[in-house]
Amino acid sequence: MNTNIIETDSLTKGTGRQMRVNHIDLRIPEGCVYGFLGPNGAGKTTTLKLLLGLLKPSAGTITFFGQKMTEKNRLSILKHTGSLIESPSFYGHLTGLENMQIIAKLKKVSAREITNVLQTVRLYDQKDKKVKQYSLGMKQRLGIAMALLGNPRVLILDEPTNGLDPAGIQEIREFIKELPIIRQITVIVSSHLLSEIEQMADMVGIINHGELIFQGTLEALETKGDSLEDAFLKMTGGRESL
Amino acid sequence: MIYYLSLELKKTKRRGIWLVLAVLFLVITAWAGRNMNNERFLEQGWLMALFNVPLLNAILIPTAIAVFASRIIDLEHKGNTWKMLGTLQSKFDIYITKVLYGMTAILIFSLLELIAFLVMGYVVGFKGTPDLWAYGLFFVQTFVISFNLYLLQMIVSLIFSNQAVALCTGLCGSMAGLFLMYVPQWPLLRNIIPWGHYGASMFVGMDAERNHINGFYYMDQDNGCVFFIIGWFFLLLIGGWFIFQHMDTDGYHFHLKRHSQHGNTKTTVSTSVSMSHKPVKIPHLPVELMKIKRTPIWIAFLVLPLISALIGTANYLNNLELLKSTWHSLWTQHSLFFCYFFMPPLVGVYASYLWRLEHNGSNWNMVLVNTSAWRLVFDKIAVCAAITSLTLAWLCLLYIICGLYIGFAEPIPVELAEWLFCGVLGGVAVCAIQCFLSLVIRSFAIPIGMALLGGFTGLAATAGGRYHLLPYSLMSMGMRANNPNLTVDMAVFISYSVFFIILFYSLSVWYIGCHDVKTQ
Numbered sequence: 001m002n003t004n005i006i007e008t009d010s011l012t013k014g015t016g017r018q019m020r021v022n023h024i025d026l027r028i029p030e031g032c033v034y035g036f037l038g039p040n041g042a043g044k045t046t047t048l049k050l051l052l053g054l055l056k057p058s059a060g061t062i063t064f065f066g067q068k069m070t071e072k073n074r075l076s077i078l079k080h081t082g083s084l085i086e087s088p089s090f091y092g093h094l095t096g097l098e099n100m101q102i103i104a105k106l107k108k109v110s111a112r113e114i115t116n117v118l119q120t121v122r123l124y125d126q127k128d129k130k131v132k133q134y135s136l137g138m139k140q141r142l143g144i145a146m147a148l149l150g151n152p153r154v155l156i157l158d159e160p161t162n163g164l165d166p167a168g169i170q171e172i173r174e175f176i177k178e179l180p181i182i183r184q185i186t187v188i189v190s191s192h193l194l195s196e197i198e199q200m201a202d203m204v205g206i207i208n209h210g211e212l213i214f215q216g217t218l219e220a221l222e223t224k225g226d227s228l229e230d231a232f233l234k235m236t237g238g239r240e241s242l
Numbered sequence: 243m244i245y246y247l248s249l250e251l252k253k254t255k256r257r258g259i260w261l262v263l264a265v266l267f268l269v270i271t272a273w274a275g276r277n278m279n280n281e282r283f284l285e286q287g288w289l290m291a292l293f294n295v296p297l298l299n300a301i302l303i304p305t306a307i308a309v310f311a312s313r314i315i316d317l318e319h320k321g322n323t324w325k326m327l328g329t330l331q332s333k334f335d336i337y338i339t340k341v342l343y344g345m346t347a348i349l350i351f352s353l354l355e356l357i358a359f360l361v362m363g364y365v366v367g368f369k370g371t372p373d374l375w376a377y378g379l380f381f382v383q384t385f386v387i388s389f390n391l392y393l394l395q396m397i398v399s400l401i402f403s404n405q406a407v408a409l410c411t412g413l414c415g416s417m418a419g420l421f422l423m424y425v426p427q428w429p430l431l432r433n434i435i436p437w438g439h440y441g442a443s444m445f446v447g448m449d450a451e452r453n454h455i456n457g458f459y460y461m462d463q464d465n466g467c468v469f470f471i472i473g474w475f476f477l478l479l480i481g482g483w484f485i486f487q488h489m490d491t492d493g494y495h496f497h498l499k500r501h502s503q504h505g506n507t508k509t510t511v512s513t514s515v516s517m518s519h520k521p522v523k524i525p526h527l528p529v530e531l532m533k534i535k536r537t538p539i540w541i542a543f544l545v546l547p548l549i550s551a552l553i554g555t556a557n558y559l560n561n562l563e564l565l566k567s568t569w570h571s572l573w574t575q576h577s578l579f580f581c582y583f584f585m586p587p588l589v590g591v592y593a594s595y596l597w598r599l600e601h602n603g604s605n606w607n608m609v610l611v612n613t614s615a616w617r618l619v620f621d622k623i624a625v626c627a628a629i630t631s632l633t634l635a636w637l638c639l640l641y642i643i644c645g646l647y648i649g650f651a652e653p654i655p656v657e658l659a660e661w662l663f664c665g666v667l668g669g670v671a672v673c674a675i676q677c678f679l680s681l682v683i684r685s686f687a688i689p690i691g692m693a694l695l696g697g698f699t700g701l702a703a704t705a706g707g708r709y710h711l712l713p714y715s716l717m718s719m720g721m722r723a724n725n726p727n728l729t730v731d732m733a734v735f736i737s738y739s740v741f742f743i744i745l746f747y748s749l750s751v752w753y754i755g756c757h758d759v760k761t762q
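Line by line, the protein sequences are chains A and B.
For the record, in the first sequence the residue sitting at position 116 is 116 according to the numbering used here, with numbers rising by one throughout.
For the numbering used here, count along the second sequence from 1 and bump the result up by 242.
Read the hints as simulated data drawn from the structure, not as lab findings.
Predicted, not measured: the structure shown is a model, and the values here were computed from it.
Honestly, I wouldn't trust all of these hints.
Incomplete in silico selection of chain B near chain A, CB under 10 Å [as the list claims (entries may be wrong)]: (1) I401; (2) N404; (3) I524; (4) S604; (5) V609; (6) C756; (7) D758; (8) V759.
Beta carbons: idealized from backbone N, C-alpha and C, even for Gly.
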């Protein structure tokens with residue numbers, strides 16, 4: 001856990017009063033689960049979209065695997081990532097399997113892997129159903145399956161447990177925890193739920209009003225207040241934001 | 243009710259809905275105004291306007307109404323609001339509000355059209371005074387017929403959340419309606435479809451012999467058109483309500499209930515999820531083709547040229563004494579309206595559909611992480627171009643079949659290959675501009691309306707000898723739609739087509755490159 005797999009230097013989006021992300025310096029070590037925490041509208045999704053080059057930063061740089069990300073090498077870097085941002089992306093008129101086939105083609109992955117991932121997220125039995133008939137939780141699983149396809153080195157998941165039932169949440173949580181150990185995948189997972197991050201993450205970054213107000217290990221966070229929750233609430237401006 | 247209507251107005255804020263009708267109005271008046279300053283018009287202007295405007299209406303209003311209705315209904319599909327509305331308003335209120343909203347808009351439009359022509363007549367200085375009864379009748383006809391079309395489009399847009407279906411229905415219908423205006427031998431056909439009513443309800447005739455117009459006269463309306471219009475009105479209004487009432491709100495959209503399976507839902511559910519146990523494979527198809535699986539686009543692709551061919555041939559057979567040069571005059575019958583007024587919006591439907599796949603939900607996030615902009619735009623234009631070429635080739639094939647059926651003495655013209663080549667090249671240019679428009683404008687219907695406008699402007703550009711300045715006229719000129727005897731300067735033609743293709747391709751790549759992704 002000594003090298004950083006992703007670093008950002010004063011990453012900024014927006015100008016003046018409309019600062020969505022304000023000079024953020026992320027340090028994400030390889031092989032960890034990095035919990036990205038913040039109240040609703042704090043700038044979590046914006047930051048993750050910036051990491052993927054979906055938004056153009058107003059200022060600052062992003063470094064992936066020791067390489068500075070530019071418009072030119074963006075896709076070759078992103079080949080080693082898997083992501084699920086906002087809500088899952090899918091073509092509703094196609095079946096789950098057909099959606100996966102499209103992603104597999106784009107990522108140039110073999111058909112065997114599709115079966116693998118679909119079984120991992122336990123969607124294999126539903127693969128021949130149109131995605132628009134899926135429940136919210138199933139769509140979310142499909143989104144996670146798409147992100148996992150191609151054995152990425154970094155997995156970026158934006159609130160992955162949205163819409164899942166308690167059993168599903170538990171399952172995904174255990175699964176994420178295992179990823180660095182079994183598959184050597186670094187995971188960045190965002191959430192507005194402290195309890196969720198607490199159970200999965202090794203490292204935590206807390207963002208509020210577009211600014212990174214804490215970055216470090218869970219243990220370090222605990223020393224900031226009586227309890228984790230207390231520390232989190234103190235930093236994010238108390239209970240008003242939750 | 244007024245309250246609900248004002249709500250509806252609020253919902254459609256910033257949707258450019260009124261713009262659709264405003265543009266339609268401007269185009270009709272501009273087009274009519276352009277042709278009004280010659281001698282003949284001053285003599286008989288009041289009657290001549292009544293003769294010409296129904297044709298303009300028949301070409302332009304149906305597609306504009308399809309766009310308009312689709313805009314109003316699609317905002318509920320997209321915003322996933324049906325399930326919320328269903329808990330706040332009674333179904334009848336939802337339905338009648340949408341109906342009244344469209345009615346108000348069309349009423350205003352028809353009134354404006356009436357006033358515009360009266361004002362124009364006085365300004366240009368038509369001889370005599372307008373027959374107010376005639377103009378009143380014209381107003382009522384425009385209003386009622388357009389309103390019927392609105393109802394029909396509204397219902398189709400409601401049933402199929404995929405707006406391609408509604409737009410294709412509108413295009414096919416208006417194509418048929420327009421053609422039937424030129425087949426007076428079968429008056430009944432015009433009456434049967436609501437798009438044909440513009441032609442069927444005309445009450446001014448033209449007295450003309452070969453390129454010379456003697457005058458205009460009132461004619462008797464004895465084809466029973468009124469009854470068909472009224473019949474359609476009640477059928478659509480009540481039928482629409484009946485369908486709407488019996489639809490289930492199913493997540494994102496309404497869908498028709500299936501009563502027959504009601505008793506044994508359990509069993510059907512378990513069988514419908516039946517899983518194939520074949521090993522998973524990745525098909526050897528381009529990604530973009532995999533994405534358009536199970537789409538209804540091919541229906542329009544088959545039907546629209548078919549309508550053009552059938553009615554074109556029938557019209558040709560009926561006018562044998564007027565038309566001479568066999569294969570060539572048959573070609574004009576087949577291709578003229580199709581290439582100018584229907585092919586551009588049809589390409590628009592293809593392009594809009596392709597980009598809508600990515601505009602939906604948060605698909606942009608996934609697509610741009612996995613594909614580069616230049617590749618993505620290239621694929622989209624390529625697929626669009628492939629469908630467009632197939633459509634044009636299908637038109638040519640139908641032409642040959644119809645020609646063989648008629649039994650011309652001469653062989654099939656070899657120039658056809660050149661026409662098709664030029665048409666396809668110009669068609670790809672249209673694909674490029676439509677793909678760009680549909681990429682930038684996230685609405686499904688607006689780019690299609692712009693394509694119709696483009697085709698119309700293309701006609702004006704061709705008339706002015708500057709066909710190469712618009713992709714739309716490049717396509718129709720390439721197909722030699724207005725005159726198969728024309729020769730085209732190939733160097734100019736090819737260089738302008740390639741220029742447009744590269745221009746709009748680069749613009750699209752540039753647009754994706756320097757704009758942040760927008761997800762719904």
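The hints, checked one at a time:
1. I401: violated (15 Å)
2. N404: holds (8 Å)
3. I524: Where the cut-off is 10 Å and the nearest Cβ of chain A is about 5 Å from I524 of chain B, the hint holds.
4. S604: holds (4 Å)
5. V609: Hint on V609 of chain B: holds, closest Cβ of chain A at ~7 Å, below 10 Å.
6. C756: For C756 of chain B, the interface hint holds, since the closest Cβ of chain A sits about 7 Å away, which is under 10 Å.
7. D758: Holds. Min distance 4 Å.
8. V759: Holds, about 4 Å.
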